[in-house]
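Residue numbers (my numbering), protein chains in the order written: chain A, 8 to 645; chain B, 47 to 151; chain C, 1384 to 1553.
Hints in this document: simulated from the structure, not taken from any laboratory. A portion of the hints provided could be inaccurate.
Unchecked claim - Incomplete in silico selection of chain A near chain B, CB under 7 Å: (1) 541; (2) 618; (3) 622.
Computed from a predicted structure; not experimentally measured. Glycine included, C-beta positions come from ideal geometry on N, C-alpha and C.
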Amino acid sequence: MDFSYTILIPLIPLALFVILGIFSKKIPPSISGWIGSLGLGTSFVLSWYTAYSYFLGGKLNGVYQTFIYKTTWLNFTDKLHIDMGVLIDPISVMMLVVVSTISFMVHLYSRGYMKGDDGYTRFFSYLALFSFSMFGLVLATNLFQMYIFWELVGASSYLLIGYYYTKPSAVAAGKKAFIVTRFADLGFLIGILLISYYSGTFDFQEINSLHGSIITNWAATSFMGLSVITWGLILIYLGAAGKSAMMPFHIWLPDAMEGPTPVSALIHAATMVVAGVYLVARLFPVYYFVENGFALQIVAYVGAISSLVAAIIAITQTDIKRVLAFSTMSQIGYMMLALGVSKYDGHEGLGYMASMFHLFTHAMFKALLFLGAGSVIHIVHSNYLKDMGNLRKHMPITHITFLIASLSIAGFPGFAGFFSKDEILAAAYENNMLIYVSSVLVAGLTAFYIFRLYFGIFWGKDNTYEHTPHESPWSMTIPMLFLAFMSIAGGYIPFSDYISADSIPFKSHLNLPLAAIATSIGFIGIILAYVFYKKENNLPERFANSFGVFYKWTYHKFYFDEIYLFVTKKILFGIVGFSAAWFDKHIVDGTMVGIGNTTVAISEKIKGWQSGKFQDYAMSFVGGGVVIAMVVFYIWIN
Amino acid sequence: MIAGINIYEILTLTSILFFIGLYGFFTRENLITVLLSIELILNASALNFVLINTYLYPDLLQGAIFTIFIIALAAAETALAIAIIINLYKLIYSVEVKDTETMKY
Amino acid sequence: MEAILFYILAALIIIFAVASVTSRKILRAVIYLLFVLISIAGLYFLINYNLLAAIQLTVYAGGVIVLFIFSVLLVHHVELELEKTPLKRKIIAGILSLLGLGITLWSIFTYTFKTATTTYSSIEVRDIGLKLLSYGDGGYILPFEVISVLLVAVMIGAIIVAKGEKLKEN
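Hey, can you work out the whole structure from these sequences and the hints?
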C-alpha cells in the first residue's frame, strides 16, 4: 500500500498559512474563512480516507504494518542526521482523524463565531499554522522531528491564546503558557539527547525495536540508582506533562482560556494537550520495557493525581471555560494513567488501547462541550455561570448537543465516553487498585461538575438578558451536530481491532460489573447536580460553607499559581535576581567601567605623543629602527 | 674604482652624508630646508648605488640605472613638495613647521 | 692622486652638508647644498660615470636647485634668518643620528665585501641607453616607462596643487 500522499495532509494547512498570512490584509473575511475551511476539508477527507484504507488493508499476517516515507533533512554526519518524513501506524492514523476532524469542525464553527472580528483572516492563518504543526507532530518519524513540531504547536498556541493582543490578560496568558511549556520542553530536549545518545538514532522505529540497543541494553548505564535511559524517559515525560497540563505544569491551561473559544476547543481540549499522551504512547515499548516500567509508574501516578485534583478544582470554578479546562486536564490524566497501567502483549495491553480510545472520544465530546460553551458565550457575552441560566428554550440545538456531550463525558451508558472510560477503569482495576479507586472517584466528580455546568447554563434561575438570547447561526450549529453524532457513535468503534500496544488486534469486552459501579457513581453525581442546581436554591452555598477551608482552597485551585508566583517573584527575582543584578552592576559593569576609565586615563597621559609634528614621528620611527637593529645585531653576535 | 680607496671608506662617507641629512630632517624648522635634507639623504643613497656597483659588480649596470631613477624621483618629489609648500604659503602665509602642527590630538 | 682627490671631495661633501643643515640663512643653505651636489658629481667623474655626473649637474644643480631658489624667493625675504631650533631637539636628533651612524658603520665594518678584481672600463652612455630601453633579460623598459608616467603625473599634480584656489574660482 502506498500512503505517500499523506504528506499532503500537513502541507495543505502550511500552504493556507502562508497564503492567508501574507495576504491577510488583501483577502476579504468572507473568502478567507471559506479558503481555510476548504483546505482543512481536504485534509479531513484525506485523513478519513487514509484511516479507511489503512485499517482495512494495513495488516500483514494479522499485524498492523508501519509505513515510513522519509528524507534526510539535516545531514551532519553519517550517524547523526535528522530526517523529515511521514510515519503511518495505527495511532498516527487515529490521531490524523482526530486532528483533522476537530480542526475542520472548528474551522467551520469559527466562520460564524469570529464573524466581524478585526483579525478574521489572521485568525484563520494561525489556525492553519497550528493544524500544520499538529499534523507534523502526529506524523513525525523521529524524536527530533517531533520536537520541532512540538515547539511549533507551542508557538501557534501562544499566538492563538494571545489572539486578542490588546487585552493584557490574554497577553499574560499567552506568555504563561509559552514559558511553562517551554520550561517543561527543556526536559524533553535533554531526554531526547540522552535517549538518542544511547541508542545512536532519533528514529522511533529503531528506538522502539524490541531488539534495539535501548530495550535490550538499558541496564548498562546507571545514574543515582536508576538507568540513564529511565532518567531520559522521565525527562521526556516532563515535556509531555508540560504540554498535557499534568501536575505540576498545569497552571497554564486555565489561563489559556483567554483565547477565542474555538481555539480552546481545538488546541486546549482536543489536540495539542493530548500530544503528551501521544508522545508516551509513541515511545510506549521503551517506557514499558526499560527498568521494568519505572518511568511508566510515574506516568500513571502523575496522571491519577492530576486527574483527581483537576476534577476537584473543576467543581468550584464559576467560569465555564475554566471548568472545562480543568475537566480536560482531568480527562488527560485519565489517558495518562491508562497508559501507565498498561502492559504490552495482547489483552494485557488494554490500557494502551483504552487510552487511545478515550483520547478519540474525549476529543469529540470535549470539543463539542467547548463549542457549545462558545455558542453560549457568543450569545451571553460572559464566561460566568452567574450570568447564565434557563437558556434551553432559547438555544435548543446548543442545549441538546451540550447534553449529549455531558452525558458522554459523565459515562452515561450508550454514549461514547461510557465505552472508553469503562476500558480505562477495567485496565486500572486489573493492575493497580489504588489508581482504580481514584479513577472511580473522578468518574463521579466528573459527572457532578459537568451537570452542574449543564444545569447552571440551561436550567436554574431566570436571568434577564440585555438581548433576547437566540440560537447560534447554522455555521456554528452544524459542526456541533456532527460532533454530537460522533460523541455517540464514537463509542461503537471496535477500537481494539485497530489499536493495541503491539499492533496485533485483540478482542475487548465490556466489563459489566465495573461498568455498573462506574455508571452508578456517575448517576449519583448527576442526581446530586440535579438536586443542587436544577432550581435555584441555597443548597450549594450551605454545602460549600460546611466544607469551609477546603472549599476555599479548591476555589483558589489549591494556590498553585500563588506558589509559582512566590517561587518566581520572591525567590527567583527577589533573592537570586537581586544578587545577580548587584553582581552585574558592581562587578561585571564595574570591571568594564574600570577598563574604560583606565584607558581614558592612560590615553590622557600619552596623547601628547601625537604632537602633529612630522619630525617627531620621523624621530620615533628612526629611533625604533635603531633599537630593532641593535637588538637584531645583539642576537646575531651571540 | 678609485685607486687607493677601498669600499669601506666610501661607505663611511655615504653613511655620514645620510645621517647628516637625517639630522637636518629632524631639526630644521622650515619646510624648504627640510626638503634640502631629504635631497642629501637621497644623494647619499644614490651615491651608494653607484659606488657599490663599481666596486663589487663592475660589469653590471644596475647601480647606474637605479641612480638615474632616483634622480628622476627626487626631481619629481621636489617639484611636488614645492608645489605643496607654495600652496600652503598661499593659505597661511607661512612655511614654518610649527604652523603645520594642526593634525594632532 | 685619485685618492687625494677623493679625500678632498669627501671633505667638501661633509663640510657643505653640515653647513647646509645648520645654516640659518635659507638661501645660503640652498647654495651649500648646490656645492654638495657638485662634489658628488665630482665623485661620479672620478669613477668615470660621466653620464651620471652630467645628469647630476643638469638635473640637480641646474633644475632642482633653481626650483629651490625660486621657491625661497617666493616665500621669503632673502635676508630673513630662520628660527633657532630648540637645543633639546638638537641634542636628541644628534644622539639619534650618531647612534644610527654607529650602528650602520659597525655593520659595514664587520662585513667582508668581496671586492671585484676585474679591471673595469668606463661605461658608455650607449650601454646605459640600450639597457634602459631593452625589454629582454635585465632590461629596464618597464620602470623607465613607469618613471616617465610618474613624471607626467607629478607635473600635472604640481601645477594643480600650486594653482590651488584659482582653479576652483574658474
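Evaluated hints:
Residue-level restraint check for residue 541/A is violated (minimum Cβ-Cβ distance to chain B is 92 Å; threshold 7 Å). Because the closest C-beta pair between residue 618/A and chain B is about 6 Å apart, less than 7 Å, the hint holds. Annotation: residue 622/A was flagged as interfacial toward chain B, and the flag holds, the nearest CB pair being 5 Å apart, inside 7 Å.
In summary, the one numbered hint that this structure violates is 1.
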